[in-house]
Structure formats: C-alpha cells, structure tokens
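Engineer: Those protein sequence lines, which keep their order, are chains A and B.
Note that the UniProt record's numbering has the first sequence beginning at 1, numbered continuously upward.
Note that the UniProt record's numbering has the second sequence beginning at 1, numbered continuously upward.
Bear in mind the hints are in silico, worked out from the structure with no lab data behind them.
Just so you know, not all the hints are guaranteed correct.
To be verified - Here are a few chain A residues that face chain B, going by a calculated C-beta distance under 8 Å: (1) Gln219; (2) Arg229; (3) Gly238; (4) Val239; (5) His243; (6) Val249; (7) Ile418; (8) Ser436.
Unchecked claim - Which bits of chain A does chain B cover? Going by a derived footprint, with three or more residues having C-beta under 8 Å, they are: (9) 167 to 174; (10) 220 to 226; (11) 259 to 273; (12) 406 to 414.
Every value quoted in this text rests on a predicted model; they were computed, and no experiment measured them.
Cβ atoms here follow ideal geometry from the backbone N, Cα and C, with glycine treated the same way.
Listed below, chain by chain, are the residues.
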Amino acid sequence: MESAEAETSDSRSEEDGAVPGSGFPPPEQPVAAAATMEDCLAKKMEITISEAEKRTGRNAVNMQETYTAYLIETRAVESQSEGQCAPVDSLWRRYSEFELLRNYLSVTYPHIVVPPLPEKRADFVWHKLSADNMDPDFVERRRIGLENFLLRVASHPVLCQDKIFYSFLTQESGWKEMVNETGFQLKADSRLKALNATFRVKNPDKRFTELKHYSDELQSVISHLLRVRARVADRLYGVYKVHGNYGRVFSEWSAIEKEMGDGLQSAGHHMDVYAASIDDILEEEEHYADQLKEYLFYAEALRAVCRKHELMQYDLEMAAQDLTSKKQQCEELATGTVRTFSLKGMTSKLFGQETPEQREAKIKVLEEQIQEGEEQLKSKNLEGRDFVKSAWADIERFKEQKNHDLKEALISYAVMQISMCKKGIQVWTNAKECFSKM
Amino acid sequence: MEAEGRVPAPLLTLLSPGGGGGTEADPDPHPAAGAPGAARGPLLAAAAEVLSLDDEEDDLEVFSKDTSLAEVNSFSPSMPISPSSMINQYKFEDEPELRDLFITVDDPESHITAIETFITYRVVTKTSRGEFDSSEYEVRRRYQDFLWLKSKLEEAHPTLIIPPLPEKFIMKGMVERFSDEFIETRRKALHKFLNRIADHPTLTFNEDFKIFLTAQAWELSSHKKQGPSLLSRMGQTVRAVASSVRGGVKNRPEMFTEMNDYMETFSQKINVLDKIAHRIFKEEKEYFNEMKEYGPIHTLWSASEEDVADSLKGVASCIDKCCKATEKRMAGLSENLLPILHEYVLYSEILMGVLKRRDQIQGELDSKVDALANKKTEKDLFSEEIGKLEDKVECANNALKADWDRWKQNMQCDMRSTFINVAENNLHYYEECLATWESFLASQTVDLHVEEDSEDRP
Numbered sequence: 001m002e003s004a005e006a007e008t009s010d011s012r013s014e015e016d017g018a019v020p021g022s023g024f025p026p027p028e029q030p031v032a033a034a035a036t037m038e039d040c041l042a043k044k045m046e047i048t049i050s051e052a053e054k055r056t057g058r059n060a061v062n063m064q065e066t067y068t069a070y071l072i073e074t075r076a077v078e079s080q081s082e083g084q085c086a087p088v089d090s091l092w093r094r095y096s097e098f099e100l101l102r103n104y105l106s107v108t109y110p111h112i113v114v115p116p117l118p119e120k121r122a123d124f125v126w127h128k129l130s131a132d133n134m135d136p137d138f139v140e141r142r143r144i145g146l147e148n149f150l151l152r153v154a155s156h157p158v159l160c161q162d163k164i165f166y167s168f169l170t171q172e173s174g175w176k177e178m179v180n181e182t183g184f185q186l187k188a189d190s191r192l193k194a195l196n197a198t199f200r201v202k203n204p205d206k207r208f209t210e211l212k213h214y215s216d217e218l219q220s221v222i223s224h225l226l227r228v229r230a231r232v233a234d235r236l237y238g239v240y241k242v243h244g245n246y247g248r249v250f251s252e253w254s255a256i257e258k259e260m261g262d263g264l265q266s267a268g269h270h271m272d273v274y275a276a277s278i279d280d281i282l283e284e285e286e287h288y289a290d291q292l293k294e295y296l297f298y299a300e301a302l303r304a305v306c307r308k309h310e311l312m313q314y315d316l317e318m319a320a321q322d323l324t325s326k327k328q329q330c331e332e333l334a335t336g337t338v339r340t341f342s343l344k345g346m347t348s349k350l351f352g353q354e355t356p357e358q359r360e361a362k363i364k365v366l367e368e369q370i371q372e373g374e375e376q377l378k379s380k381n382l383e384g385r386d387f388v389k390s391a392w393a394d395i396e397r398f399k400e401q402k403n404h405d406l407k408e409a410l411i412s413y414a415v416m417q418i419s420m421c422k423k424g425i426q427v428w429t430n431a432k433e434c435f436s437k438m
Numbered sequence: 001m002e003a004e005g006r007v008p009a010p011l012l013t014l015l016s017p018g019g020g021g022g023t024e025a026d027p028d029p030h031p032a033a034g035a036p037g038a039a040r041g042p043l044l045a046a047a048a049e050v051l052s053l054d055d056e057e058d059d060l061e062v063f064s065k066d067t068s069l070a071e072v073n074s075f076s077p078s079m080p081i082s083p084s085s086m087i088n089q090y091k092f093e094d095e096p097e098l099r100d101l102f103i104t105v106d107d108p109e110s111h112i113t114a115i116e117t118f119i120t121y122r123v124v125t126k127t128s129r130g131e132f133d134s135s136e137y138e139v140r141r142r143y144q145d146f147l148w149l150k151s152k153l154e155e156a157h158p159t160l161i162i163p164p165l166p167e168k169f170i171m172k173g174m175v176e177r178f179s180d181e182f183i184e185t186r187r188k189a190l191h192k193f194l195n196r197i198a199d200h201p202t203l204t205f206n207e208d209f210k211i212f213l214t215a216q217a218w219e220l221s222s223h224k225k226q227g228p229s230l231l232s233r234m235g236q237t238v239r240a241v242a243s244s245v246r247g248g249v250k251n252r253p254e255m256f257t258e259m260n261d262y263m264e265t266f267s268q269k270i271n272v273l274d275k276i277a278h279r280i281f282k283e284e285k286e287y288f289n290e291m292k293e294y295g296p297i298h299t300l301w302s303a304s305e306e307d308v309a310d311s312l313k314g315v316a317s318c319i320d321k322c323c324k325a326t327e328k329r330m331a332g333l334s335e336n337l338l339p340i341l342h343e344y345v346l347y348s349e350i351l352m353g354v355l356k357r358r359d360q361i362q363g364e365l366d367s368k369v370d371a372l373a374n375k376k377t378e379k380d381l382f383s384e385e386i387g388k389l390e391d392k393v394e395c396a397n398n399a400l401k402a403d404w405d406r407w408k409q410n411m412q413c414d415m416r417s418t419f420i421n422v423a424e425n426n427l428h429y430y431e432e433c434l435a436t437w438e439s440f441l442a443s444q445t446v447d448l449h450v451e452e453d454s455e456d457r458p
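Next comes chain A alone, as it looks inside the complex (with noise of 0.2 Å):
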C-alpha cells in the first residue's frame, strides 16, 4: 500500500489560464467571476471621505470617549450622455468600524492580498509632528488613508464584489449587526494554530516560502527606512529653523548701522522666510511616508496569505499522514505482522491474542475511516490548488500594483527634493543680492 501523498503545490504552479482572482468563493455568495478593471466598483462609483468631525459618546462599558467619526461620501457615476451629477449619499463611520470591515475581508477572503488601514496610532514620528490622535494633522492624513483604503478595495476586481462591502459605503445603520451575523469571527484561524503550521510544515510551496521571506524583509527595510527619514527630517527642521535667529539679530544690528543697516535688514528678512519655508516641505514630505507606510502594512497582508497556505499545507500534511498511518494499522491486523513497534502490539502478544471477530471488526472500521480519509484528503487537496492558484494570481496583481506605485512614489520624492531646492535657490539669491548691498 502506498501512502498518501501530499501533494506538493509545485506540481501544480504551472497551470494557468485561470481567471484571476476566480476560484475560492466564500459560501454564503453566489459564484461570480471576478470583476474586470472596467466592472469594478470603483469604476460606477466615487468614493470619498470629506469630513472627519470630533464625536463624543459612550462606549461599550459605558465610559465616555472621544474618537473622530469620518463622512463617507458616495455617488454613482454616470455615462456622459446622461449629463446630470447623480445625488451624493453619505454616512458617518468611525475608525474600529473600518478595522472590522477589514477583519471581515481578510477572514473570508484569506487567498487574497487584503489592502491594509492607516496606523491606528501616529508611529514613526519626528519630534515637531504630534503623536496625537486627536492632532488635525494626524486626523487629516488618517482621513486620506482610510480613503484611499476604500480606493483600493473598491478597485480590487474580487474585493468590489462583496456584499458587506457594499452596505459599508451606503447603509449606516445595521450593518454591525449584518457583518457579525455572517460569522466570519468563528472562520478565523486562531493565532496560535498558524504559529503552530509555521513551524511544522514540511512541504510549503516554494514559492511562498520566499514570499514570506521577501515580505520579512520589506517590513525591516521599509520601518528601517521610515525611522531614518524621521531622525533627518528633525535635523532638516533644527538646521533650517536657526537660520530664523538671523532675521532678528539682522535687524537689531541693522538699526546701529548707517550704511549696511538696509542690506542686513532685508537679508534678515529673507532668512525668516528660509525658515518658515520647511514647514510646508516636510509636511508634503509625510504623504511619502504614508505611502511607504501602506506598503509597511502590506506587508503583513502578504505575511497573512502565506501563514493560510503554511496552515492549510499543515492541515494537509496532518491528514495524509494519518491516513498512511490507519492504513498501516489495517495492514498489520490483516497480515499480523507487525511492521513497527507499537505499546498495542506488544501488548496485545504479551496478554493474548484477540479473537478473529474482534479483529475483523476493527479492520472494518479502520477501512471505513480509510476510505473517508482519502476523500477528505483528495479534496483538501483541491482546496489546496485553488488556494495557491487564487493565492498566485492576486499576488502576481499586488506584485504589479507595488512595483507601480513605489516607483511612483520615489518619483514624488523627487519632485519634493526638486521643489525644496529651487526654494532654497530663490531664498538665497535673494539673501545674496541683500548681502552685496551691504
């Protein structure tokens, strides 16, 4: 008898010419094939969040709290011809409502690459940025990424077609109650068990072991990186705030002066605006840290998809063995051999034999769980080739998203350095020509 294999995704990876994103519905919708660029939600309708407000109220132990609640605002778009704006819907969602649509999807769409929020908290912070959540600055760029989340997911061609997605944008009241009915709480994996697959799997598929490796990595270089440009954007700010001293002094020393007095003063004066001048630089400057950041949080969704297939692999792995070892089992009481040491056997040769009957029987039940194994395993099997199919293909998506939107990024970046160089130009010709004057 052979022993059941389990088979490796790698026999598998070449197949293709499956839809993207098709193949790993969740059960409670109807099979759809996945949405095309031009279908998705994003496409028939604007999505945005154009106010956050400071609320009030009680919590669940009935304490008062603060939090900024966010308008999200929706419209249909409509085909050219039709000419007229379509009336704008709109509703109030706060922060942990986003967190739970997200804990939704990333439960029941675990073979997808599931875009991430903004930080809850302000991380990687220089010294002059606040850490406060209640901060404007910071409500303003959390609203900008809680937007773009919703971008992402609404563009994404099997994410758009979630029902419970749907009544986020458009239907305030109920929907908690909506989400937690549809029990996805009870799907998740706990923590533990992934921990557990991760490190006993034997057979992952190769390619999303270096998924999981590039993923480690790109989280240590991107935090790496974010805490750098945290330390020299302070030290941006130190060098061109002491220049502002210059303005003062300038003008102190310009009123004891007769001839160099109108020079230092208008020199004076175009240092105060050097040195006001960062303010607006290294703000423009934390948007490119929070589109390093989305790629930082990405990461763990990468993470995310790789721990379900370690898990699922293990579960695999779990069941082919203990279908090879009941096997083995019924061998042995067939034949009487004993082909491995096992406490039964002994026993069983020390105490007494067991009656014919007794071993027919247990024969019996062991060919009866033999043949539901190998049913379970031939079709934990399938799931395990549509994951990864699934899995690959929305990964080869977020690979071309990723590449796309970091060089775009570095592309800004530049542009900012560009911009904050030709300020600097202007200041000082105009500092330089002050000073000839002198």
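Assemble chain B onto chain A, guided by the hints.
Structural biologist: Just chain B now, with coordinates in the frame of chain A:
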C-alpha cells in the same frame, strides 16, 4: 584728491629712509583751519619748517622708528597730527600696488623640551622697504612671541585698534590643545594678525613689529628683556586704575559717547551672531550624520526588489551625493563665517578697551584741570603739564577717530564678503542637489515612457 596724499620727495627721504608708504608726518599743504590742534597745523603744513627745526629731530627719529603718538611713560612732546592728514594717509595706504611688506605664517612644528611642549610657526617676510636690511626674512615664532608683540603694540598705541590674536585655549568645543584642527585655525589667525598689522598705516612702522619679523630667536629674547622696567609698568597700571576711577567720561566728546554706545550694541549682536553660526554648524553636522545612513537603506532595499531596484539605487545615489554636498557646505562655514565672526567678537572687546583707554587719558587731563582749579598758586607749573596732557588727549582722540573709521570700513567689507560667501555656499549646495535629483527624475520618466509604449503595443 591725490595732491593731499603725496609727500614731496625730499621730505619723504628724510622722514622715512625707505620711501614708500605714508608716514605720520604727511604734510598737508591745506590744513583744515578748524581742526583740533590747529595751532600746530602750520608746523606740519610748512614742510621746510619741519626740517629746519633742530629740536624737532628727536621727533623725526621717533617717527621713522616708532610712530607712537603718546608715550605713556614720558612727558616728551608728541607730534600732533591733523585728522585730515591721517585720513589721506589711510587712503594712500590701501592702494595695493604700494604694499611693500608681505608676510606669511605657515609650517607649524612641534618642539619638545624637558619642561614643555610647544609649537612654533614659520614667519616669512618679503619687503622692499629700506629700513629693512634684507629683502627677505624667515624666522620661527611661538604663540608667546605673538602675545609679546601685541602687548608692545598696545603699550605704544593705547588708542589704536590692535588686531585680535587667537585665544590661548578654546574652552568650548572639544578641540584639544594640540590637535591639527586647532593648530591650523590658530595658524590662519596668526597669519591674519600679522597682515592686519602690516596693513595698518601706523602699526606697520612699529619697531617691535620689525624686530618680531626679522630677529633671530636669541635676538628676540634679549630684546624682550629690555624695554620699560617692571616698576614703570606698574606705575602705568596704577595711573590707569587711578584715572579709571574718575573715568574721563564727563568731558567726553559726543563722538566717543556715540562710539561707546555703538560698540555696546555691536558687541552684543556680534556675540549672538557667533552663537547662531555655531548652532547652524552643529545642526548641519547632525543632519549630515543622519543623511549618511539614509542613502544606504535604499541600496539595501533594492537587493530584495527586481523592478524597483534601479529606482531605489538611483535614489540612494542622489542622497549620497547630497550628503557630500552638505559636507562641503559645512566646510565653507567653518572656513569662513565662523572664524570671521569670532575675530569680530574679539575685536569688540578690543574696541571697548581702546575706548576705555582713551577715557583714561582724558581722565588724567580732567583730574589735573580739576586740581588746578583748586590750587591757584601753582598755576604756571600746572599749565605746562596741562598743555602736554591736552596734546596727549588730542592725539589720542585723532588716532582713535581715524583708526575707528578705518576699522568700520574694514568691518563692513569683511561682513559683506563673508555673508556673500555664506549665500554662495548655500547656492552651490542647492544647485548641486537640484542637478542630482533632476537627472534622476529624467532617467525615471524615460523608463516610464518606455514601459507605457511597450504596454500600448498590441
């Protein structure tokens, strides 16, 4: 007007055998009638008269050797100078073609003896002046020698602005006494010190200055031991303290009160500027340190990417180039702005001192005048003394006024060129960074267009 500045040839050779540069006794053919000490104007104006007066010969010698106007120790009459002649001479002095004394300070060397370790600097002088026996000199001097020279100059010219010397020790910062950076900073400052003296219309002819530039080590030490005795030097200090009590402030001419007020404010401002400049340097340095780490992270990242690797490497290279540009900017600060501001911090102290000394000289006169008011009987004796003191005060005032104007012009010039240099440094920095990022951007947009084109193709 050139005529005023030129000394008629025969006088020139007699007054200063070397020919060249202006001397104190520049006869002004058109004395300003209203100038202080106008009574002595005609003496100067009539060049021939100066020559014919035998009892003036001592003063002539004094002039060719040591152009001090007011010997603190002696009661010898000093040759008053009309302000206009001094101003003319100052303009004359600044024409570069007429420079006849070139000094460099270089080649610091360490000397280790049983007692101490010290540094000497090589001082090379090239000159065409006649009073110098040779046209080229090379001597070695240590910091102590410079200190000696400075104190001799202050002694001889209490109301002239003697250029600043670098400090003995730098307390702030972590520059060690004998670090290369410290020695180089000091060397540059010593070089400037000697050249400023050489450019000064009066100080350049000081005898101690000449000895400093030309004497061998043993000659210098023996010369140092001569000079006014300790006792007389103490007497000078006592007198200075005594007159400082009275201050000489009450009869102080308006002009000097204005100078005092100016210097107080200037001193404040220059000290603040010095602090600001150091702070900017410090911030730039810390920025540089962080930037050093920033570029390499992008290179590290590029190792795990494929498509984006080139862009990441490009950004890394840009950041590294900007980092180097920042280093250059810092160097510019420390080579130019910081030393100049520091010098003017020292200058502000020197100028306050000069103003005080002028007040002291005035104070001597005032106290004698007050004493005279009480002792009507010794009027004759006192009036001669007072006459001499009045001369002294007038000379001091004139010397100071002329030197002050000169100092202010130089200060304006120095400040203008230093700050222009700061602006240029920053411009170079930003221009370099701009070029770097623009070329990166150009390379990226080319790539993007190539990609877009390949996507459009069916």
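Engineer: Each hint: holds or not?
Structural biologist: Verification of the hints:
A hinted interface residue such as Gln219(A) counts as satisfied when its beta carbon comes closer than 8 Å to some beta carbon of chain B; here the least separation is about 11 Å, so the hint is violated. A cut of 8 Å between beta carbons decides the hint on Arg229(A): the least distance to chain B is about 7 Å, and the hint holds. For Gly238(A), the shortest C-beta to C-beta distance to chain B is roughly 4 Å, which falls under 8 Å, so the interface hint holds. Because the smallest distance between the Cβ of Val239(A) and any Cβ of chain B comes to about 4 Å, under 8 Å, the interface hint for this residue holds.
Because the smallest distance between the Cβ of His243(A) and any Cβ of chain B comes to about 7 Å, under 8 Å, the interface hint for this residue holds. At about 5 Å, the closest approach between the beta carbon of Val249(A) and any beta carbon in chain B falls short of 8 Å, and the interface hint on this residue holds. Because the smallest distance between the Cβ of Ile418(A) and any Cβ of chain B comes to about 5 Å, under 8 Å, the interface hint for this residue holds. Hint on Ser436(A) holds. Least Cβ distance to chain B is approximately 6 Å, under the 8 Å limit.
Against chain B, the segment 167 to 174 of chain A contributes 0 residues with a C-beta closer than 8 Å to a partner C-beta. That does not satisfy the three-residue criterion, and the hint is violated. Evaluation of the coverage hint for the segment 220 to 226 of chain A: fulfilled, as 4 residues show C-beta separations to chain B shorter than 8 Å, against a requirement of three. With 4 residues having a Cβ less than 8 Å from any Cβ of chain B, the segment 259 to 273 of chain A passes the three-residue criterion, so the hint holds. Proximity of the segment 406 to 414 of chain A to chain B, defined as three or more residues with a beta carbon under 8 Å from a beta carbon of that chain, is established by the 6 residues found.
When the structure is compared with the earlier hints, violations turn up for hints 1, 9 and for no others.
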